[in-house]
Amino acid sequence: MRKGGRFLRPVDLTVNGVRYELELEPRDLLVHVLREQLSLTGTNVGCDTSSCGACTVLLDGQSVKSCTILGVQADGTTITTIEGLATNGELHPVQQAFHDHHALQCGYCTPGMVLAAVSLIENGEARDRAAIRAGLEGNLCRCTGYHNIIEAIADVTGSTS
Amino acid sequence: MSATETWGIGAPLKRKEDDPLLRGRGTYVDNLDLPGTVVMVVVRSPYAHARIMSIDLAAAKAAEGVVAVFTGADLRDDWKAAMPCAWPVTEDMKNPEHFPLAASEANYQGDGVAVVIADTRAHAVDAAELVDVDYEVLDAAVDVAIAAQDGGALVHEELGTNVSYVWPLETGTFDAAADVIVKHTYYQPPLIPNAIEPRGVVARPEPGGDVTLWSSTQVPHLLRLLAAATLGMSETKLRVIAPDVGGGFGSKLDVYAEELLAIAIARRLGSPVKWIEERSENAVSTIHGRDFVTTLELAATKDGKITSLRANVIASMGAYLQLVTPGIPLLGAWIYAGPYAIPNYSVTFTGVFTNTTPTDAYRGAGRPEATYVLERTMDLLAKELGMDRLELRRRNFITEFPATIASGLTIDSGDYHASLDRLLEHLGLEQLEAEQRARRDSGDVKQIGIGFSTYNEMCGLAPSRILGAIRYAAGGWESATIRCLPTGTFQVVTGTSPHGQGHETAWSQIVAEQLGCDPSEVEVLHGDTSISPYGLDTYGSRSLPVGGAALWSAGEKIIEKARQIVAHQLEVSADDLEYAAGTFTVKGSPDKEMTVKGAAWSAFAAHNLPDGMEPNLEATATYDPPNFSWPGGAHAAVVEVDTGTGDARLIRYVAIDDVGTVVNPLIVDGQVHGGITQGIATALYEEAIYDEDGNLANGTMAMYLMPSAAELPSYQLDRTESKATDHPFGAKGVGETGTIAAAPAVINAVIDALAHLGVTDIQMPATPERVWRAIEEAKQ
Chain A
5 MRKGGRFLRP VDLTVNGVRY ELELEPRDLL VHVLREQLSL TGTNVGCDTS
55 SCGACTVLLD GQSVKSCTIL GVQADGTTIT TIEGLATNGE LHPVQQAFHD
105 HHALQCGYCT PGMVLAAVSL IENGEARDRA AIRAGLEGNL CRCTGYHNII
155 EAIADVTGST S
Chain B
690 MSATETWGIG APLKRKEDDP LLRGRGTYVD NLDLPGTVVM VVVRSPYAHA
740 RIMSIDLAAA KAAEGVVAVF TGADLRDDWK AAMPCAWPVT EDMKNPEHFP
790 LAASEANYQG DGVAVVIADT RAHAVDAAEL VDVDYEVLDA AVDVAIAAQD
840 GGALVHEELG TNVSYVWPLE TGTFDAAADV IVKHTYYQPP LIPNAIEPRG
890 VVARPEPGGD VTLWSSTQVP HLLRLLAAAT LGMSETKLRV IAPDVGGGFG
940 SKLDVYAEEL LAIAIARRLG SPVKWIEERS ENAVSTIHGR DFVTTLELAA
990 TKDGKITSLR ANVIASMGAY LQLVTPGIPL LGAWIYAGPY AIPNYSVTFT
1040 GVFTNTTPTD AYRGAGRPEA TYVLERTMDL LAKELGMDRL ELRRRNFITE
1090 FPATIASGLT IDSGDYHASL DRLLEHLGLE QLEAEQRARR DSGDVKQIGI
1140 GFSTYNEMCG LAPSRILGAI RYAAGGWESA TIRCLPTGTF QVVTGTSPHG
1190 QGHETAWSQI VAEQLGCDPS EVEVLHGDTS ISPYGLDTYG SRSLPVGGAA
1240 LWSAGEKIIE KARQIVAHQL EVSADDLEYA AGTFTVKGSP DKEMTVKGAA
1290 WSAFAAHNLP DGMEPNLEAT ATYDPPNFSW PGGAHAAVVE VDTGTGDARL
1340 IRYVAIDDVG TVVNPLIVDG QVHGGITQGI ATALYEEAIY DEDGNLANGT
1390 MAMYLMPSAA ELPSYQLDRT ESKATDHPFG AKGVGETGTI AAAPAVINAV
1440 IDALAHLGVT DIQMPATPER VWRAIEEAKQ
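Residue numbers (our numbering), protein chains in the order written: chain A, 5 to 165; chain B, 690 to 1469.
The hints are simulated quantities; they were obtained by calculation from the structure and are not laboratory data. Being a predicted model, the structure only gives us computed values, none of them experimental. Glycine residues also receive a C-beta, built at the ideal position from the N, C-alpha and C atoms. Some hints here could point you the wrong way.
Covered by chain B, per the in silico footprint, the following chain A stretches (three or more residues, Cβ under 8 Å) [to be verified]:
1. 14-25
2. 41-55
3. 63-74
4. 111-119
5. 122-133
6. 152-160
Bound conformation, chain A alone (with noise of 0.2 Å):
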């Protein structure tokens, strides 16, 4: 369909549990569809090469980065960003790890840094700390130096090695 000179399509979005009917340009990544449209300003935009990770949400319970699909793309998907990982306020046990453990400073990195280790977790890949580090990789973080956010993690694992 065609609305003030835009060609905008629909798009069905299921986010942290509700359902969204939208009209989107094709343009649109899915990060500002988040972002702008559903007010969710806990994903943050930290680059824009795909490289930093600061964007990253589960796309049907996988970790992807919400700047580099169109939210076009996103059609039919269910999407979970930091505001919907909390069960009843109680905080996911990543993100109380990341409490318990400092692995976090200015926050910026942080909800796509939580989301993508909670991927990592839930695919069985944070074996070990070497294979959280490698999983990580996406992820860039200035503050920390990784070191408390892989504690936490392996923490959360039970991982001694």
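Given chain A, work out where chain B should sit, using these hints.
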């Protein structure tokens, strides 16, 4: 265990700041969505040096959604002063006027030449593409060492030179007849600070010509003062808010063109103006660090006593002088001798313009640059003397404190031997050396190297009188207010402006320790010029050494006023009261007591106060530090180098730091982790690469190699402690120690791994290509 043992100074309290950040409820500038906001996009010069012949705005102005388009000429009258530089380091320093948009000449790739204002970001970006600028491309000065010489391209033709200033500090003559002299020249390339949140601003016009500015800044107070001056506004008309700020590392310690543009345009249009920096834009429009060429000479006796030091530093300023650009090299000027007693000292700094992004403070700011060349040269001197590199360091450590050093400052405390001893306890050097010998003997393609860095630094910026003596325009004090609320809670307002450092938690611990409450009963407000006392913000590892001391001083005032109230109500002399952890007791009558919280209620109710006493229990203190603070320590890096590919990997890192009293060990360790990571990145990965025309060749995160978790090991940290004698509870500051110490430790390790192949030098960053070439050249 008392409350203060659990939660006071020294406790590993989990951070108060974390919960909203973990839930995606951060208040970063880009999350602000004010009604009626228009979006600003900056049109930037694609050339490093070009004359602006004409700018055609017609197509951009006609594009969909465009509200306004402005050039530098259009806005010239909005500026009542040029962009501010607060540190004219010499009387004759050359500081060419520059304004938020270049009007006649662009002087670096990314220099702003126009702005487009539109209803949406997409429309603004689309219209910016339509701004047609006719440039005449000029020769660019890019390499700082070449730019420093006569005869090449000039950044600012009218100056007749690229040299902004020459600043010498000589307190002794270099001993050219010494037993041993080593001399080496080092290049430390420009670095992109890369806070993960790019910069961003929102300026909202208020009634009566006032403006509220939200900015991702480290320095809301300095920004308010200087932006108001630049725009010719009364300071009272501008309110600056630093909301949650996603990292700074010095790069947000500035007054930037976009902040001034947003204010000016918001006033012109009467609408809120938003500008959010893109990452590839950040690579050119936010300051860079480093870009130094340094020649260091050490002279020593044959038994390893260093007698004199001479350094010649050529430092790139980039295209313009930003807020503290010319002073950054000088922040290292007093510590080129590091933790060593070297009696004759001579350093000279030459600040040079280049057609590159302006440089300014990046984590460590002048001190990593000093420590790097010193610690590299210590290894060279040890080799020249045939002496163990740690023995050479030990023979020259300063051991008696307070120590007045050759550069003229006084180090209050430290114990450099203790840090090195502790490092060796953790390191297992003999085993590592055995492993190294075995790999060398077997000709293993993967060799290991062990590198050291023993360091000190001056931080806690800074004693105002010293700043005045070195021509910095402002002071170095900090302020804090404590309000004891009638409900038994405490409100702290601080002039520091945290952006990840955890001041809300640490400041709560300090109040908990001093006034005997739980940290959860303390509210810490910051980062808003309308609510905080006048402050000087957060940079240079100053917040705890200066702001923490101001807070402690305010607490002392609270205790003294409470003592008068308690004495009056218990009908005893104030001298008969003893104070501990929030409670006053009467000497000899331990059953008679009253708390600070109780005094706060009494002061609020004001029914029964001593004659003439003002109601309410609150105090403000401003603290001007009598000295810099002097952290120090010993770091070791272990690297594995693939001699076939040149790939150097860090496999272990041990850091021992002495930062004086620790308020929160979780936060201190976190600062060290992050700091050493940036130093490691400097050594192995990061460099802003310019081509000969001044084009930034790697200005995206895909090209600029910030390390991820996959490139790094976990770290081993420990501490020694010598308290700061000038600070009320002995704290020294920790924000920059890791970055200062790490780069030389890592490069010394890479060279150590290849020493048996004849490699003696590798330039940072030690990329596979550079390492491989060094190995090949050593074979020749």
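Verification of the supplied hints:
1. 14-25: violated (count 0)
2. 41-55: Held - the region 41-55 of chain A has 13 residues with a Cβ nearer than 8 Å to chain B, which meets the minimum of three.
3. 63-74: violated (count 0)
4. 111-119: Answer holds; 6 residues pass the 8 Å Cβ test.
5. 122-133: violated (count 1)
6. 152-160: Contact hint for the region 152-160 of chain A vs chain B: holds, 4 residues under 8 Å.
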